[in-house]
Amino acid sequence: MYVRIALFGGTFDPVHYGHLRLAEEAREAAGLERVLFVPAHTSPFRQQEPISPPRHRIDMARLATADNPAFEVSDIEIQRGGVSYTVDTVATLRALYPDDELFLILGADALLGFPNWYRAAAIAHECILLVGVRPNYDLQAALEHLPDAIRARVQPVPMTPLDISARDLRQRIRTGRSIRYLTPPNVIEYIQQHRLYLEP
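For the sequence shown, position 98 (counting from the first letter as 1) is numbered 85 according to our numbering, and the numbering increases by one without interruption.
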């Protein structure tokens, strides 16, 4: 009996309700048994940006996902170190779960840049791409710019329109504004306890 497993990568700095809602809607739409949140050690797209230490991002992700039995947090990319390439993580998961069906959760914005990812075709060969689509988003226009082999692997996931970004949360914290109802209360407590995001 195979299991449907989705990889959901990101810096998660910090994790927020936008991440959690996309993961839940993808889980429901695709009938996923497991969703693996995989914090990147270093994103290939954000190598020059400051980022919180891995232990904080892992801990916050674990707190945020603790109440959902389908959600897990994997430190596979943190343990590997260096720049985190999704294709390497997919290869590791395929070796661990040779008979299971693999998915990759993406936001619609990430889909546009997906052909530029390192070995994107290899990722799409192994994973169905679950793409969160907000109301009024022109998915067809986005698909037209994708190679056929990638386009054939896209499965749209209708998404609740939550306009939340980690960058906005960090800015709010730096300027003393509330992040209540943007991320789970236990994540807020963790941020306050460890005095994260107070410096630019």
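Treat the hints as calculated values from the structure; they're not laboratory data.
All C-beta atoms in this analysis are idealised placements derived from N, C-alpha and C, irrespective of residue type, glycine included.
Wrong hints could be hidden among the right ones.
[Claimed, not checked] Label pairs and their computed distance ranges (CB to CB):
{"hint": "1", "residue 1": "T162", "residue 2": "G18", "range": "14 to 24 angstroms"}
{"hint": "2", "residue 1": "P31", "residue 2": "A128", "range": "39 to 49 angstroms"}
{"hint": "3", "residue 1": "Q142", "residue 2": "R182", "range": "35 to 45 angstroms"}
{"hint": "4", "residue 1": "V(-10)", "residue 2": "H112", "range": "33 to 43 angstroms"}
{"hint": "5", "residue 1": "A109", "residue 2": "G18", "range": "49 to 59 angstroms"}
{"hint": "6", "residue 1": "E176", "residue 2": "P56", "range": "29 to 39 angstroms"}
{"hint": "7", "residue 1": "H181", "residue 2": "A128", "range": "15 to 25 angstroms"}
{"hint": "8", "residue 1": "A16", "residue 2": "I151", "range": "18 to 28 angstroms"}
{"hint": "9", "residue 1": "E176", "residue 2": "P85", "range": "34 to 44 angstroms"}
Non-conforming hints, listed in increasing numerical order: 1, 2, 4, 5, 6, 7
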